[in-house]
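Residue strings, one per chain:
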Amino acid sequence: DVKVTQSSRYLVKRTGEKVFLECVQDMDHENMFWYRQDPGLGLRLIYFSYDVKMKEKGDIPEGYSVSREKKERFSLILESASTNQTSMYLCASTLPQDYGYTFGSGTRLTVV
Amino acid sequence: AQTVTQSQPEMSVQEAETVTLSCTYDTSESDYYLFWYKQPPSRQMILVIRQEAYKQQNATENRFSVNFQKAAKSFSLKISDSQLGDAAMYFCAYRTFSNSGYALNFGKGTSLLVTP
Chain A
311 DVKVTQSSRY
321 LVKRTGEKVF
331 LECVQDMDHE
341 NMFWYRQDPG
351 LGLRLIYFSY
361 DVKMKEKGDI
371 PEGYSVSREK
381 KERFSLILES
391 ASTNQTSMYL
401 CASTLPQDYG
411 YTFGSGTRLT
421 VV
Chain B
2 AQTVTQSQPE
12 MSVQEAETVT
22 LSCTYDTSES
32 DYYLFWYKQP
42 PSRQMILVIR
52 QEAYKQQNAT
62 ENRFSVNFQK
72 AAKSFSLKIS
82 DSQLGDAAMY
92 FCAYRTFSNS
102 GYALNFGKGT
112 SLLVTP
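Going down the list, the sequences are from chains A and B. If you count the first sequence from 1, you need to add 310 to reach the numbering used here. If you count the second sequence from 1, you need to add 1 to reach the numbering used here.
Warning: the hint list may mix true and false statements.
As the list claims (entries may be wrong) - Label-pair distances were calculated between CB atoms; the ranges are:
1) A:Glu379 to B:Gln9: 37 to 45 Å
2) A:Ser377 to B:Ser75: 36 to 44 Å
3) A:Ile387 to B:Asn59: 39 to 47 Å
4) A:Glu379 to B:Ser75: 12 to 20 Å
5) B:Leu85 to A:Glu379: 41 to 49 Å
6) B:Leu114 to A:Asp361: 39 to 47 Å
7) B:Leu85 to A:Ile370: 31 to 39 Å
8) B:Thr6 to A:Ser392: 24 to 32 Å
9) B:Thr116 to A:Lys323: 32 to 40 Å
10) A:Val322 to B:Gln84: 34 to 42 Å
11) A:Glu332 to B:Ser75: 33 to 41 Å
Hint data in this document are derived by calculation from the structure and do not stem from the laboratory. Every residue, glycine too, gets a C-beta built ideally from N, C-alpha and C.
Chain B with its partners taken away, still in its complex shape:
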């Protein structure tokens, strides 16, 4: 059963603006990894950013950053200075060390539209 919740099926942002995609998850593990993946129309899954749960500092990759709230089990993605190429499906996922051969558990995704 999926235990990753992305509450926004669709989001829209204007070019150069900032958008935040939300994600909550549920696990009883204390150590795990969190991910945001981007899937453009080409279908190729592209890693956007990842966060180790033991790290308090929020991960940042250029225009992409996360707000990781471990106690709240929240892992939101902020995209700054949005570009047309950011339009894609975004998936939040996590992986623990004890489950399913280290399989990723995915949310249902958020479709991001970027308007000029």
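Here chain A stands alone, though its shape is the one from the complex:
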């Protein structure tokens, strides 16, 4: 089975800190995604990547950036964390020609 691993389950950071959320998948999935999940808002797409070093903005990219230096790793970066970025972050991956998605178990980030 494909596994998507998010490095932290819970994370507490201070306002203004630079925060890295890591996501690693152990199959040869080309497409990777970062979502933000908030109560009453569902999952919203932040960024996605369809190849190494390729990235595209999703619906809510403001305040975030991403990095994909290797195929298996997709990092979400909060350049200067703010309290309104307190949320649950979910990573997912898939193959373009497939419709099976694999999700990580999420990182709950609190910015204080």
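With the hints as your guide, set chain B onto chain A.
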């Protein structure tokens, strides 16, 4: 912008009864996939059922079935013989072939409570 609407933020069902969760979506594409995902408190997203838009037959997976009305852009989920383990957040989603690197577009979710 989200184009998947789940009009029921919360639903409740008694054990062994049947419940239907509603979902409508908006796309101009003719070919796409539709999904229902379950998210229990463990947070792990679990695929419940999926439907290819070109298929007229409604998908079924054991106690879970869908009512897919393509013209109405409606994709409801029916859970039969509800069990306590069905309690979770349920998300409706779709994916087209032309958008956003095949990203899933999600609704806001329906929280399902199952009472004994």
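Exercise for review: Starting from the hint list further up, note which numbers the structure goes against and sort them upward.
Suggested key: 4
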